[in-house]
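Trainee: Protein chains in written order, with this note's numbering: chain Y, 1 to 160; chain U, 161 to 336.
Any given hint might turn out to be false.
[What the hints assert, rightly or not] Stretch-level coverage of chain U by chain Y, calculated; a stretch enters the list once three of its residues show a Cβ under 8 Å from a Cβ in chain Y:
hint	stretch
1	244-258
2	274-287
3	316-323
[To be verified] Derived coverage of chain Y by chain U (criterion: at least 3 residues anywhere in the stretch with Cβ under 8 Å from a Cβ of chain U; other residues may be distant):
hint	stretch
4	13-25
5	135-146
The hints are simulated quantities; they were obtained by calculation from the structure and are not laboratory data. Keep in mind it's a predicted model, so treat the numbers as computed, not measured. No residue lacks a Cβ here, since even glycine has one placed at the ideal position from N, Cα and C.
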Amino acid sequence: MRQQDMAASIAFDEIGRNADRAFAYALLARLASKYVVAAYRLYGVATPLERVLNMLGPQEVEQLATDDSEKAAQLRNRLEELHGVLAEFSGSDHVSTLSTSRLPIITRLVRRIQGNTEDLGDIIENMALTRDADFASLVSSCASSLGLGHSGDVVASMHD
Amino acid sequence: MPACTINTEASPQFRQLRENWKRNGYPNIDTDLADAFKAITENIQAKKGARVQVGPIGGEIEVYKYRQNSTDIQRGASYGWRIIALLHRPTGTMYPIIVYPKTQWSNAAPGTIAAAVKEIRQILGYCISPGCDGRMVITNPAEVRWDGGLADTKRQCEKCRSTQWISVPSLAATRY
Numbered sequence: 001m002r003q004q005d006m007a008a009s010i011a012f013d014e015i016g017r018n019a020d021r022a023f024a025y026a027l028l029a030r031l032a033s034k035y036v037v038a039a040y041r042l043y044g045v046a047t048p049l050e051r052v053l054n055m056l057g058p059q060e061v062e063q064l065a066t067d068d069s070e071k072a073a074q075l076r077n078r079l080e081e082l083h084g085v086l087a088e089f090s091g092s093d094h095v096s097t098l099s100t101s102r103l104p105i106i107t108r109l110v111r112r113i114q115g116n117t118e119d120l121g122d123i124i125e126n127m128a129l130t131r132d133a134d135f136a137s138l139v140s141s142c143a144s145s146l147g148l149g150h151s152g153d154v155v156a157s158m159h160d
Numbered sequence: 161m162p163a164c165t166i167n168t169e170a171s172p173q174f175r176q177l178r179e180n181w182k183r184n185g186y187p188n189i190d191t192d193l194a195d196a197f198k199a200i201t202e203n204i205q206a207k208k209g210a211r212v213q214v215g216p217i218g219g220e221i222e223v224y225k226y227r228q229n230s231t232d233i234q235r236g237a238s239y240g241w242r243i244i245a246l247l248h249r250p251t252g253t254m255y256p257i258i259v260y261p262k263t264q265w266s267n268a269a270p271g272t273i274a275a276a277v278k279e280i281r282q283i284l285g286y287c288i289s290p291g292c293d294g295r296m297v298i299t300n301p302a303e304v305r306w307d308g309g310l311a312d313t314k315r316q317c318e319k320c321r322s323t324q325w326i327s328v329p330s331l332a333a334t335r336y
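With the hints as constraints, model all of the structure from the sequences given.
Mentor: See the structure below:
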């Protein structure tokens, strides 16, 4: 295994662990009825979620999006599942109730999670767009319409 | 932060999509886009700007994706517009090429996104058969059928010759 691939593999493991942790706490947070428990579990969601986002810079997102290994596919699926549960949680009545809490920490944590859920959604969208051959073809056509070069490269890459 | 100039009129696809959304429930799209472009002109990373890898496009062109609030949706940036633009690095010119409302991509699953890309391609008059990048044209002689008060026109791909019944209002004979 090349050194670069090994580094990517280790990074994927770390992102996956944090995604798992955020996922587990998100499930638990849905069940929290007491504010103190909710605050603890929301913190348990927010912190690993931020770690995931911090580790997914533009370069890592491109790498993960274009990696065809089974490990990368599993991680992409895991991130989609995490986003699904967080998006549902962020828009739930339970979160609306928590947001009205007099504990400012809960309101802050909910906002952090909602904002980061949007950012995670953007990352997943970007990866899906990168892997979508129809999107590449569309962008290629648009580039050609503008008379911009290199659109041939895009088409070529779709058929590799 | 890097700045750029924005050419909003150069892309026929972008003009067509903008007109489509304006006619179909988003009358304030021009105001929303003006707001986004003002910010992007000053900083290409504004409006959550992120580079999207589309094949080895590299070289002189980069693809960017932005998100912008919609006056007509009024539910925050996560439910607003998504703008795809090409940056021509030698001239520092950004060309918006695709715009779509987020409400139609309610979740980020690849299947949903693929369906949305297909819808955009259909609005723009491209063939949606797998692997084909041909253009759909009205059959000769033209065939029209009525479905729930909407007129569907039969189209045929210039390249793969597949046919489709298309009822998207904006498709009405827009050719460029």
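Trainee: Decide, hint by hint, whether the structure agrees.
Mentor: Do the hints match the structure? See the list:
Residue count for the stretch 244-258 of chain U with a Cβ under 8 Å from a Cβ of chain Y: 6. That meets the three needed, and the coverage hint holds. Chain Y is given as covering the stretch 274-287 of chain U, and this holds because 7 residues of the stretch bring a CB closer than 8 Å to a CB of that chain, at least three being needed. Given a C-beta distance limit of less than 8 Å, the hint that chain Y covers the stretch 316-323 of chain U is violated, as 0 residues qualify and 3 are needed. Evaluation of the coverage hint for the stretch 13-25 of chain Y: breached, as 0 residues show C-beta separations to chain U shorter than 8 Å, against a requirement of three.
Residues of the stretch 135-146 of chain Y lying with their CB closer than 8 Å to a CB of chain U number 11, which satisfies the three-residue condition for coverage.
When each numbered hint is compared with the structure, violations occur for hints 3 and 4.
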